[in-house]
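Engineer: Assemble the whole structure, with the sequences as input and the hints as a guide.
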Amino acid sequence: MKWYLIAAMVAAGLVVLAGIAALVVVLIRRRSRRKTLADQLSCKLREEALDRALANSRGASGIHGDPAPVEVRFNLTADRRGAGALVRLTEHNLTATRVYLVDRGQRLFLGVKDGRAVVRRDYDAHSGVLCELYARQDGQCLRSLAPGVQLQRGRTVAAVGADGQPLATGDEILLPDTAFHVELI
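Residue numbering for the sequence shown is 399 to 583, as defined by our numbering.
A few of these clues could be false.
Claimed, not checked - Label-pair ranges, simulated between beta-carbon atoms:
#1 R444 with M407: 53 to 63 angstroms
#2 A533 with A406: 24 to 34 angstroms
#3 A533 with G568: 45 to 55 angstroms
#4 G411 with V555: 45 to 55 angstroms
Since the hints were derived computationally from the structure, they do not count as laboratory data.
Please read these numbers as outputs of a predicted model, since none were measured by experiment.
Just so you know, even glycine gets a beta-carbon here, dropped at the ideal spot from N, CA and C.
Structural biologist: Spelled out as structure tokens, the structure:
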């Protein structure tokens with residue numbers, strides 16, 4: 399065999415090995431991202447279950463003594479398979495990075511007051527709320543309740559109006575001194 403044929407086979411073998419190595423790296427990263435999402439979902443579901451347990455609607459009403467216990471149930475496997483659609487908002491500001499995981503059907507109000515991000519489930523005009531995140535039939539949307547709210551999609555930045563604008567994974571909600579990265583899960 400000629401030396402250039404041997405060299406071509408060795409080069410082809412190296413290319414195949416490099417391709418396999420790249421595939422392994424991609425699969426490992428995907429697995430780690432899925433594990434992170436599953437952990438966040440687990441924490442969210444656990445928190446909701448604890449909130450329900452603390453609310454304890456069957457508590458003692460006028461009866462002295464301990465309230466009746468409430469069974470706390472949540473099904474983690476159903477939500478991991480995609481039964482529950484979620485929105486993950488990652489807040490970025492000068493001092494902190496926080497992650498919020500909420501149901502898509504839940505309304506959420508975002509704003510800034512005294513240099514701090516405000517994330518609320520209910521509207522309060524005095525809390526610095528600037529915009530509302532809500533679900534519509536065509537998907538998750540964002541509507542401005544006060545001036546100063548912008549949406550960045552790719553390199554394009556546009557002001558958000560009061561009529562609402564659909565959101566997509568990768569969007570950035572830009573508020574004064576704070577940005578929220580949007581992921582639709």
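Engineer: Hint by hint, note whether the structure agrees.
Structural biologist: Quick rundown of the hints versus the structure:
no.: 1; hint: R444 with M407: 53 to 63 angstroms; verdict: holds (55 angstroms)
no.: 2; hint: A533 with A406: 24 to 34 angstroms; verdict: violated (57 angstroms)
no.: 3; hint: A533 with G568: 45 to 55 angstroms; verdict: violated (19 angstroms)
no.: 4; hint: G411 with V555: 45 to 55 angstroms; verdict: holds (48 angstroms)
Hints 2, 3 from the earlier list are contradicted by this structure; the remaining hints agree with it.
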